[in-house]
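Colleague: Sequence:
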Amino acid sequence: MASLPEPAGPPDFDTRPCEPLRSTLPLWISECVACGYAAEDLSSASEAAVAVVRSDEFAQARVEALVTPEARKFLVYAFLLDRLNQPADAGWSSLHGAWATDDLGDAAGAIHCRQKAVAYWRRGKAEGVNFGADLVSEFALITDVYRRAGEFEQATVACSEGLDNDDVPPALEAVLRRQLTLIQRRDVTAHSLAELLSQK
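In terms of the working numbering, the numbers along the sequence shown are unbroken and rise by one, the last being 669.
Just so you know, not all the hints are guaranteed correct.
Beta-carbon label-pair distances, calculated as ranges [to be verified]:
hint : residue 1 : residue 2 : range
1    : 595       : 642       : 22 to 28 Å
2    : 496       : 661       : 20 to 26 Å
3    : 535       : 654       : 37 to 43 Å
4    : 523       : 667       : 49 to 55 Å
5    : 526       : 668       : 29 to 35 Å
6    : 626       : 513       : 39 to 45 Å
7    : 653       : 601       : 21 to 27 Å
8    : 512       : 634       : 17 to 23 Å
9    : 603       : 519       : 33 to 39 Å
10   : 473       : 604       : 24 to 30 Å
11   : 493       : 639       : 29 to 35 Å
12   : 535       : 512       : 25 to 31 Å
Since the hints were made in silico from the structure, they are not lab data.
No residue lacks a Cβ here, since even glycine has one placed at the ideal position from N, Cα and C.
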């Protein structure tokens, strides 16, 4: 994949970058039209990946991806990563699928992708696999994922647990406190760190 442009500003609360990188999302993952293999680079694949792609489970996963083709490749890639024991990356790919469905106005598909992301991350955490830079960052991210999916009770719990940590960085504390307000408003829309910067 060719080099991508650098974002010109702060990301959304769920780390989605701003423009011009934001619009390159469709280029992040490619999907083979013949076999369904999805990856950043289709020119090569490990033996383990090939075995997964040839499995009945993989074929079923492609059929069951309840999203548009633009987002399906991210979920297919997530399934592959999960089978290769990379649940954290699988969750991130599912979140990228949510971004793709957001862009298409597919609310149901976006919720499905976010629920898949949470499921992969929870499975990974149970196995001791982190999906963020630190615990507070993980709580901040999953709070936004829950909120965007309309799962406000879970979002409140995650947000509160994040704030209950010791030595929460000021930037993350600001995000989490802003999330509490958004949750109370039943707001499921995207919000950017730029909002917090503009309030200073």
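Colleague: Give a verdict on every hint.
Modeller: Structure-based check of all given hints:
Range check, residue 595 to residue 642: Cβ separation about 27 Å, and the 22 to 28 Å hint holds. At about 22 Å, the CB distance of residue 496 to residue 661 agrees with the hint of 20 to 26 Å. Residue 535 and residue 654 have their C-beta atoms about 28 Å apart, which leaves the hinted 37 to 43 Å range violated. At about 51 Å, the beta-carbon gap between residue 523 and residue 667 stays in the expected band of 49 to 55 Å.
Against the hinted window of 29 to 35 Å, the Cβ-Cβ separation of residue 526 and residue 668 comes to about 48 Å, which falls outside the hint. Remark: the range hint 39 to 45 Å for residue 626 to residue 513 is upheld by a beta-carbon distance near 42 Å. Between residue 653 and residue 601 the C-beta distance comes to about 24 Å, which sits within the given range of 21 to 27 Å. Between residue 512 and residue 634 the CB atoms are about 43 Å apart, so this pair departs from the stated range of 17 to 23 Å.
For residue 603 paired with residue 519, a C-beta distance near 35 Å keeps the hint of 33 to 39 Å intact. Taking the beta carbon of each, residue 473 and residue 604 are about 29 Å apart, inside 24 to 30 Å as hinted. For residue 493 and residue 639, the Cβ-Cβ distance of about 31 Å falls inside the hinted range of 29 to 35 Å, so the restraint holds. Range check, residue 535 to residue 512: Cβ separation about 29 Å, and the 25 to 31 Å hint holds.
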